[in-house]
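Peer 1: What follows is the residue order along each chain.
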Amino acid sequence: MTDPNTLSPLDLETPDKTFLDANELVINMGPQHPATHGVLRVILRLDGEKVMGLECVIGYLHRGVEKIAENRTYTMFNPYVDRMDYVAAVSNGLGYCEAVEKLLNVEAPPRAQYIRVILTELNRIASHQLWLGTHALDIGAITPLFYTFRDREEILKIFEKYCGARLTTHAFRIGGLQYEAYEGFEKDVKNFVNFVKPKIDEYEELLTTNRIWLERTKGVGKISGKDCIALGVTGPVLRASGVKWDLRKAQPYANYKNFEFEIPTGENGDTYDRYIVRMIEMRQSLRIIEQAVEGIPEGPIMAKVPKVMKPPVGEIYHSIEAPKGELGYFIVSDGSTQPYRIRVRPPSFVNLQALDLMCRGQLVADVIAVIGTLDIVLGEVDR
Amino acid sequence: MIARFRGEHGSGIEALTYLGQNYLVVDRSLIPEILHVLRDREQFDYCVDITAVHYPKREKQFDVVWVLYSFSRNERIRVKTLIADGESLPSAVPLWATANWLEREVFDMFGIKFDGHPDMKRILLPDGWKGHPLRKDYGILQQDNEWVQINLGIESGQ
Amino acid sequence: MHGFLQYIQSYLDSDKTPGGAGNIFWATVYILLVFAGLSVAVIAMNWLERKILAHMQVRLGPMRVGPHGLLQPIADAIKLLLKEDIIPAEADALVFWIAPFIVVLAAFTVFVVVPFGPTHAITDMNIGILFMLGVSSLSVLGIVTAGWASNSHYPLIGALRSSAQMVSYEVAMGLAVVSVILMTSLGPEGGTLSMIGIVQAQQAQGEWFIFKFFPLGLVGFFIFAIAMVAETNRAPFDLPEAESELTAGFHTEYSGFRWSLFFLAEYSAMIAVSSIAVTLWLGGWLRPFPNALTGPTWDLVFSLFPGITFLLLAVMCFYNTARMPKHPLFRVQTMGLAGFGVVLALIGLILFIPAVRVRVTDIYWFAAKVGAFMYLYIWYRGTFPRYRFDQLMKVGWKVLLPTGLVLLILTALVGMRTELWAELQGVWRP
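If you read the sequences in order, they're chains A, B and C.
Every letter in the first sequence is one number past the one before it in the working numbering, and letter 68, counting from 1, is 68.
Every letter in the second sequence is one number past the one before it in the working numbering, and letter 125, counting from 1, is 125.
Every letter in the third sequence is one number past the one before it in the working numbering, and letter 288, counting from 1, is 288.
By construction, these hints were calculated from the structure, which means they are not laboratory data.
Treat the hints loosely; a few may be bogus.
To be verified - Distance condition first, Cα-Cα at most 25 angstroms in a straight line; then the derived BS3-like pairs of lysine-lysine: (1) Lys307(A) to Lys113(B); (2) Lys187(A) to Lys199(A); (3) Lys136(B) to Lys50(A); (4) Lys67(A) to Lys80(B); (5) Lys80(B) to Lys57(B); (6) Lys130(B) to Lys57(B); (7) Lys190(A) to Lys80(B); (8) Lys67(A) to Lys113(B); (9) Lys190(A) to Lys257(A); (10) Lys199(A) to Lys157(A).
Unchecked claim - Restraint ranges, calculated between C-beta atoms of paired labels, are given here: (11) Ala44(C) to Glu267(A): 43 to 53 angstroms; (12) Val26(A) to Ile150(B): 43 to 53 angstroms; (13) Leu138(C) to Asn145(B): 33 to 43 angstroms; (14) His55(C) to Leu214(A): 20 to 30 angstroms; (15) Asn258(A) to Gly20(B): 16 to 26 angstroms; (16) Leu16(B) to Asp201(A): 43 to 53 angstroms; (17) Ser88(B) to Pro312(A): 25 to 35 angstroms; (18) Ala322(C) to Thr75(A): 50 to 60 angstroms; (19) Val95(C) to Lys136(B): 52 to 62 angstroms; (20) Asn320(C) to Asp201(A): 30 to 40 angstroms; (21) Ala225(C) to Gly295(A): 53 to 63 angstroms.
For glycine and all other residues, C-beta sits at the position ideal for the given N, C-alpha and C.
Start from the sequences, fold in the hints, and give me the full structure.
Peer 2: Structure representation (structure tokens):
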């Protein structure tokens with residue numbers, strides 16, 4: 001099986017020739033570094049300012065989420081998933097609830113599905129906004145951060161009104177929703193859509209045609225679609241490399257098949273394309289929200305779920321398109337109230353593997369840009 | 001597809017479906033070949049996840065699971081094999097580069113070794129840590145107190 | 001005693017700079033004034049930068065220390081002075097200790113020749129601009145020593161970046177400066193390197209050099225304006241201290257007082273290069289239209305500007321005082337803001353006194369032009385992402401340098417056009 005012809009297209013070893021060479025400088029970036037978004041440690045091997053190779057050291061935020069899951073009931077574990085990708089907590093919750101619902105063989109009622117889609121897409125916009133702000137900050141543009149945070153605030157306000165929390169929302173329950181949409185929810189969402197549309201134009205005005213932004217992002221951190229698939233990279237990074245793949249279309253979950261939207265793709269797979277893809281994604285999310293908020297049906301918000309959840313013995317893998325890529329839950333049930341094993345397939349963790357490939361031959365400044373463009377959240381990388 | 005597998009490999013392979021999701025239970029000895037065939041002939045070009053489950057009471061303690069996806073067929077499949085404690089598996093890194101960190105995590109959490117892996121060491125836990133936390137015999141409050149005392153200079157992590 | 005008074009008096013009657021008149025006493029007074037003025041300017045700049053940047057970024061900026069955060073720079077200064085001064089164990093202590101002083105010295109020494117008015121300069125050297133460029137580039141030395149002495153990776157890379165950057169942009173900067181010196185040589189008095197002489201040449205030739213030989217002067221100005229941002233390590237060329245890449249660049253290991261010296265040096269260097277730009281292209285202390293709008297009436301009108309500016313600032317203060325929340329907790333702040341307004345108004349009124357007015361006009365116009373540059377600096381910082389190092393070098397060597405060379409040749413050709421024309425005619429019709 002180790003036939004050299006079938007070896008992966010990637011050269012996984014850093015070249016040994018220059019190792020410990022006099023020209024080489026080993027720099028430790030992190031775990032406390034302004035641009036590693038939390039506690040990521042990157043060991044860079046530099047030739048001057050050129051990156052010869054790098055190694056990520058992760059695990060500083062490891063909290064043993066999967067172990068905790070084995071000692072909680074299905075319902076009790078629900079809030080924990082919010083703590084993984086804490087900027088897209090709603091998506092995490094959706095993935096988990098749907099996976100357990102599948103295992104229980106129940107389906108959330110249509111009204112709950114619509115509200116779920118609205119909240120998840122709002123969360124996607126919030127996540128992308130946070131990404132844009134911090135990414136631009138890494139590249140040296142400090143202003144977009146404040147613009148995006150100003151607008152993200154409006155989303156968090158809707159979350160807060162809906163479920164009382166802004167960040168770790170615990171918005172969904174297994175089987176549907178706990179809370180009915182509050183009075184004026186639809187109006188708030190519509191207002192937000194109208195509010196944020198010109199704001200996205202505003203971000204683009206600041207960056208899209210900015211010469212320095214173009215020079216800093218075009219051709220930086222290139223990755224081909226083939227390499228993306230080999231490395232399991234998903235989400236906007238994969239789409240920017242020209243692979244038109246989005247789980248919302250490929251294997252529709254929730255009720256995404258009811259909505260019209262497009263999957264943006266890039267051509268070059270560089271940082272600029274990823275930026276453009278995410279900008280379009282925000283607009284597409286707005287489109288979905290607009291359709292969903294028009295079509296919220298009346299009806300119950302909770303399916304019939306047993307008080308004590310004892311899914312039958314079996315295994316399930318369910319994945320959704322989180323803002324960062326494919327977020328999967330692999331749940332093994334042994335028929336008791338507690339999951340026998342929950343495995344989370346975190347998009348950030350897998351995407352981070354591509355950092356080495358994307359940074360080789362680039363400059364130190366590009367490492368920062370690439371870490372930003374991968375849109376990793378360390379809480380999810382380490383779990 | 002399954003029929004063809006059956007024809008080629010005989011009894012070591014079992015195809016099952018649960019809740020509309022297909023999975024293969026494959027004998028340990030057939031794993032390298034099956035994974036290879038799945039990637040090259042059946043076009044499962046994307047390795048979604050590699051993970052394991054621990055059943056301490058069984059003779060073969062571990063389930064190791066590969067979740068694969070094919071872009072061209074838009075289809076998922078899970079490959080599962082049973083191995084005993086201390087047994088190792090061939091690494092899937094040459095097939096899917098993404099297996100690198102995933103296998104390291106399985107090693108970190110369960111202590112299952114993958115042969116031919118370029119850099120088989122812990123990934124989330126610190127290098128000198130003792131024990132593999134996702135095994136069922138590892139308590140939820142358990143810690144490597146020795147490591148904590150030496151490296152953090154505190155009596156206990158709790 | 002009488003002799004000493006006469007010594008002091010004698011300068012006031014002369015129309016030279018203290019250095020030019022060889023008057024040590026007044027030179028000392030001027031030095032102290034410039035030093036104090038600069039320190040105040042840096043403090044004001046600190047507050048303004050935070051406030052302006054904040055308002056560009058839809059936030060408020062400092063609001064807690066004093067009304068609208070007016071006392072924030074002072075609070076910061078106290079904090080910095082009281083902070084522990086850390087010298088890393090592995091650092092080269094002596095060099096580490098000296099480096100910030102070199103930077104500050106270089107940044108402040110250049111102000112010896114900056115002309116705030118025809119007589120308002122500490123001295124007027126005949127090689128003024130050369131002196132300025134020379135001394136200001138000394139700060140590279142301080143930065144490199146700081147980075148090296150820290151004995152740490154990030155400062156070292158920051159220092160290397162900084163030195164490479166400053167050296168490469170100095171070339172383009174020098175070319176732009178030389179083109180201005182060529183322009184001065186066209187006047188009746190001939191070419192000069194003296195800062196005062198350059199402004200006087202603009203007066204004599206009847207236009208600011210930015211408009212001279214349009215668009216040549218403008219191009220030169222732009223080259224300088226870009227190079228000076230790079231020279232002072234400010235955004236978008238702030239790579240030596242790019243916080244997302246190098247933590248804080250060459251001053252990563254510095255803290256407290258020593259760090260504040262770097263801060264002081266950075267801001268005074270910004271003011272210094274802006275003053276060069278103002279002197280060379282924007283007519284230095286000259287008020288707008290010095291040749292078109294002449295006569296005592298216009299002189300009077302333009303000399304009223306300083307007072308009016310301060311009164312406007314005072315009005316702004318009073319307006320905001322009125323808008324302060326009416327809450328007992330805000331009483332002190334409201335009073336403070338009103339008091340600040342009163343001080344500004346008083347300064348404004350003092351500036352209307354004829355004796356003061358005449359002396360201050362030049363300084364006012366100079367400061368106003370420099371202030372415009374300071375605003376630009378802040379504006380850049382608010383809008384631009386950061387260049388990457390190779391791109392920065394590319395801009396320096398592949399764009400600015402060739403443009404500067406072409407500019408220099410064109411300026412020479414256009415300046416000599418009448419002579420050249422005569423020569424050509426001589427060739428064709430012997």
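Peer 1: Hints numbered earlier in the text: which of these fail when held up against the supplied structure?
Peer 2: 1, 3, 7, 12, 13
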